[in-house]
Amino acid sequence: METYRSEEEQVEALKRWWDENGRSTVIGIALALVGVFGWQGWQEYSQGQRDAASDIYQQLLQAAGGAAQSPAQQGVAERLAQRLKDEYAGSTYAQFAGLQLARLAVADGDLEQAESELRAVLADASSGGDVALVARQRLARVVAARGETDAALALLDVSGSHPYQASYALARGDILFGEGRRADALGAYQLARQLESESPGQLNLASLERKLARLSPVSPEAPEPAPTAAEVEQ
Amino acid sequence: MLQDIRQNIQGTAAKIVVWLIVIAFAGFGIESILLGGGSSGVAEVNGEEISPQEVQQMVNTQKRQLIAMLGENIDPALLDDQRLSGQALEGIIQRRLLAQSAGDMKLTVSESELGRIIAGMEQFQMNGEFSPEVYKSALAQAGFTPSSFKAGLQQDLVINQLRSGLVGSEFATPAELDLTASIVAEQRDVRYLTIPYDSAQTDVQVGEEQIEAYYRENESDFYSRETVVLNYIELALEDFFEPVDENELQSLYEQEKNSYQYRTENRVSHILLTRGEGESDADFSARVSAVQSALDGGEAFAAVAGEYSDDVGSASAGGDLGFSGGDAFPEAMEEAIASLEVGAVSPPVETDAGTHFIQVTERRDGDAPSLAELRPELEQRIREREARARLLSAVEELRDIAFNAQDLEGPAAELDLEVQRSEPVARNQLDGLFASPSLLSAAFSEDVLELGHNSEVVELSPRQFVVLRVAEHNPPALQPLDSVREDIVATITERQVREAISARAEQAVARLRQGESVEDVADDLGYEWQLEIGAEQDAGMLPPAVAAAAFRLPAPAEGETRVDFTLTAAGDAQVIEVSRVSPGSYASLSAPRQQQLRQQIGRELGELVLREYQQGLRKAADITVY
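Residue numbers (full-length UniProt numbering), protein chains in the order written: chain A, 1 to 234; chain U, 1 to 626.
Treat the hints loosely; a few may be bogus.
Examples of chain U residues toward chain A, derived with CB under 7 Å [as the list claims (entries may be wrong)]: (1) Thr108; (2) Gly165; (3) Ile183; (4) Leu481; (5) Val484; (6) Glu607.
Chain U is nowhere near these chain A residues, computed Cβ spacing over 12 Å in every case [said to hold, decoys possible]: (7) Arg103; (8) Thr149; (9) Tyr168; (10) Ile175.
Just the calculated beta-carbon pair ranges, DEER-fashion [stated by the list, open to error]: (11) U:Ile623 to A:Gly38: 35 to 41 Å; (12) U:Thr145 to A:Arg16: 55 to 61 Å; (13) A:Gly38 to U:Ala13: 30 to 36 Å; (14) A:Gln82 to U:Thr145: 37 to 43 Å; (15) U:Leu20 to A:Gln47: 38 to 44 Å; (16) A:Gln73 to U:Ala591: 36 to 42 Å; (17) U:Gly11 to A:Gln47: 50 to 56 Å.
It is worth saying that the hints were derived from the structure and are not from the lab. We treat Cβ as the ideally placed atom computed from N, Cα and C, and that holds for glycine.
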């Protein structure tokens with residue numbers, strides 16, 4: 001450590017140090033302050049954005065709940081959802097809004113609109129995420145309902161493992177059954193049911209059971225010649 | 001340096017500072033002990049702890065729900081903390097995962113929205129408005145603080161946002177509706193004919209060899225139930241009843257007679273004169289005599305009260321004070337009231353308040369019941385009160401003695417009680433004294449059944465206690481053929497009847513398939529066809545077994561029929577002929593059914609997606625249960 005002989009020398013040394021480093025110290029402190037307050041401000045701003053989007057979404061849920069009964073409510077729901085998509089693009093709320101719009105469009109019979117909403121959600125959501133996977137499955141069903149079976153089946157073909165295998169299989173089964181490909185549909189339904197039964201608890205999948213029963217050949221109580229392949233394919 | 005500190009703390013100021021530090025440290029120490037501090041969670045979900053309090057709160061909620069659902073007599077095993085806390089923890093983990101995922105998606109609920117929702121909750125409202133007091137007390141009762149309640153509500157709300165966004169946006173496409181409707185609303189023309197079980201019963205003979213063979217092959221079905229025969233001592237309140245002492249009855253009757261409900265009540269009016277400040281004796285007595293003379297002069301009491309009384313409250317009501325049962329007013333007044341006839345006015349009565357003139361305006365005579373009327377009730381009360389004390393002391397004694405005794409006879413003799421013997425009691429006993437779950441679990445406990453000890457003294461109700469001991473244990477044993485013969489005959493008969501019925505049905509089916517007419521077949525069998533045109537599987541037009549079988553059959557080709565039969569649970573055979581099949585169409589369904597179908601399809605897919613979503617979270621999560 002340096003030792004100073006007198007006070008003047010100490011003052012002199014400080015001044016010298018300040019001339020050399022003063023500017024960078026001030027700038028450093030200023031930058032640090034800007035950083036801290038900027039970060040805080042940004043946090044506050046984005047929390048505010050989220051809160052605002054959340055408030056709109058809560059209203060949307062309320063309106064969407066009554067949409068089936070009243071066209072006015074449906075209009076409100078559509079406006080709120082559109083606002084979420086426009087003003088809060090990129091947020092999860094905007095994606096949820098897109099899914100709700102797709103649902104309302106399907107209920108109105110406007111499959112084209114539903115398809116474009118779902119495509120927008122799919123493009124916006126991070127690929128491989130839950131929202132994207134769910135949107136993809138719905139898009140496939142809407143595309144199939146518009147008559148493009150092959151495109152729909154291709155959409156349901158996702159490489160790699162994901163948690164939505166059972167619902168994908170169920171959707172595939174419906175598309176195949178609708179096309180009259182009964183054996184393929186049966187396979188898809190069976191896969192869906194098997195995957196579903198692997199997790200604990202029981203879901204009520206009554207219409208899946210009915211479709212399975214309709215597609216599964218049963219041997220009658222009274223013995224008769226085994227049904228021919230053509231009969232099974234009916 | 002330490003030396004410096006040591007020298008410096010000799011000063012008073014320094015001492016104060018040191019003590020402040022000591023107190024602060026002590027305080028922090030206590031806090032961290034009280035709050036547990038450190039890691040005390042029961043599980044960790046992606047690094048977030050689940051506290052034991054959280055689990056306990058959930059367990060308590062579940063217990064309340066179970067008791068509300070099943071009543072107070074619920075089997076205690078259902079309320080076992082161990083069992084419930086497993087479920088509770090599972091539920092909390094599930095919720096925590098959803099909440100974390102909602103956080104990752106940056107879902108949130110703003111403070112203002114939260115406030116709006118809480119303010120709108122009915123249970124926090126009074127007269128239709130949010131009341132902070134009601135809010136706080138309702139939360140305290142349920143074991144929440146405002147901040148923990150808000151946090152929980154916020155969690156519920158973001159989870160709901162997540163669900164409605166991902167699952168609530170589910171739909172059913174027109175193609176799916178058509179497909180499903182074509183199946184669930186399919187219509188079939190069905191003809192069916194019933195061959196009743198009874199029609200073949202008379203044909204069946206069961207031989208001795210068959211019975212023996214069945215007995216040998218199905219030995220495991222013929223074991224008797226495990227039972228215990230119990231010795232027990234029952235202490236019931238009734239056993240401790242003794243004759244009631246007449247003096248005691250008398251004193252209880254006196255007490256009862258004077259009790260509130262039987263008292264004589266008087267409706268009283270008064271005129272009160274209070275000496276004003278600075279009012280002289282002479283002036284005051286002049287006022288008193290003025291009232292006295294007004295009353296003596298025959299003026300109505302109420303009018304005088306209105307004019308003169310200083311009791312502002314009653315003066316305008318003619319001096320009326322309402323009813324007194326004898327203790328509403330000062331003693332001097334009550335004495336005067338008791339001696340007054342109805343309508344008469346008392347001479348001036350002095351109390352602390354001033355001088356009163358009193359009138360009894362109405363008297364309700366207390367109609368105290370006679371001793372004879374009250375006797376049964378009072379006797380019962382005294383008997384039970386005394387018996388209860390004797391019962392409880394007997395139970396205490398029995399507890400001590402029975403705990404160490406090798407049998408029940410000893411304790412019974414010592415306490416002058418009687419040992420009784422039960423009928424055989426099974427583990428799932430449904431009637432009699434021993435159907436009580438607490439007695440069954442005592443009788444079949446390891447301590448009593450296997451080690452042969454006396455049970456605890458079990459309290460069935462405050463009036464009834466039982467201690468028991470196993471006298472005989474009958475493990476399951478193979479019953480001799482003779483005692484099960486009837487059952488076997490019944491079983492074999494049923495099997496053979498079913499075979500016979502099936503054979504007849506099969507024959508009928510074969511004839512129909514060969515092209516014989518339905519009428520001929522029915523005539524030969526002696527039964528009639530029932531016909532349903534355009535039956536649907538769920539519409540309830542067909543008997544359930546017929547519906548299930550008829551819609552399971554592959555559809556016949558155009559113009560042809562398909563024939564089969566089925567056996568009902570009751571053993572009847574039903575021969576079925578399906579002719580025309582027409583697929584359902586969504587467009588021709590009624591509006592409510594259309595809506596129901598739309599909802600059903602959306603719900604099934606939605607539930608499946610939710611399930612898969614949760615499983616996905618679970619798989620990706622890092623969950624440790626300690």
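These are the hints, each one checked on the structure:
1. Interface hint status for threonine 108 (chain U): upheld, as the beta-carbon distance to the closest one in chain A is roughly 5 Å, under 7 Å.
2. This hint holds: glycine 165 (chain U) has a C-beta 3 Å from the nearest C-beta of chain A, less than the 7 Å allowed.
3. At about 5 Å, the closest approach between the beta carbon of isoleucine 183 (chain U) and any beta carbon in chain A falls short of 7 Å, and the interface hint on this residue holds.
4. The interface hint given for leucine 481 (chain U) is broken, as the beta carbon of that residue sits about 34 Å from the closest beta carbon of chain A, more than 7 Å.
5. Checking valine 484 (chain U) against chain A by beta carbon gives a least distance of about 31 Å; that is not within 7 Å, so the hint is violated.
6. Taking 7 Å as the C-beta cut-off, the interface hint given for glutamate 607 (chain U) holds, the closest approach to chain A being about 5 Å.
7. Taking the minimum C-beta to C-beta distance to chain U, about 5 Å, the non-interface status of arginine 103 (chain A) is violated against the 12 Å cut.
8. Separation of threonine 149 (chain A) from chain U is inadequate, the least Cβ-Cβ distance of about 10 Å not exceeding the 12 Å criterion.
9. Under the 12 Å C-beta cut-off, the non-interface status given to tyrosine 168 (chain A) relative to chain U is violated; the minimum distance is some 9 Å.
10. Against the 12 Å criterion, isoleucine 175 (chain A) falls within the reach of chain U, whose nearest CB is about 8 Å from its own CB.
11. Take isoleucine 623 (chain U) and glycine 38 (chain A): their Cβ atoms lie about 38 Å apart, and the range 35 to 41 Å holds.
12. In this structure the hint that threonine 145 (chain U) and arginine 16 (chain A) lie 55 to 61 Å apart at CB holds, the actual value being about 60 Å.
13. A beta carbon spacing of about 44 Å between glycine 38 (chain A) and alanine 13 (chain U) contradicts the range 30 to 36 Å that was offered as a hint.
14. A C-beta distance of roughly 40 Å is found between glutamine 82 (chain A) and threonine 145 (chain U), which places it inside the suggested range of 37 to 43 Å.
15. Taken as a hint, the range 38 to 44 Å holds for the pair leucine 20 (chain U) and glutamine 47 (chain A), whose Cβ atoms sit roughly 39 Å apart.
16. The beta-carbon spacing between glutamine 73 (chain A) and alanine 591 (chain U), approximately 19 Å, falls outside the hinted interval of 36 to 42 Å.
17. The hinted range of 50 to 56 Å is satisfied by glycine 11 (chain U) and glutamine 47 (chain A), whose Cβ atoms lie roughly 51 Å apart.
Checked against the numbered hints above, the structure breaks hints 4, 5, 7, 8, 9, 10, 13, 16 and satisfies the rest.
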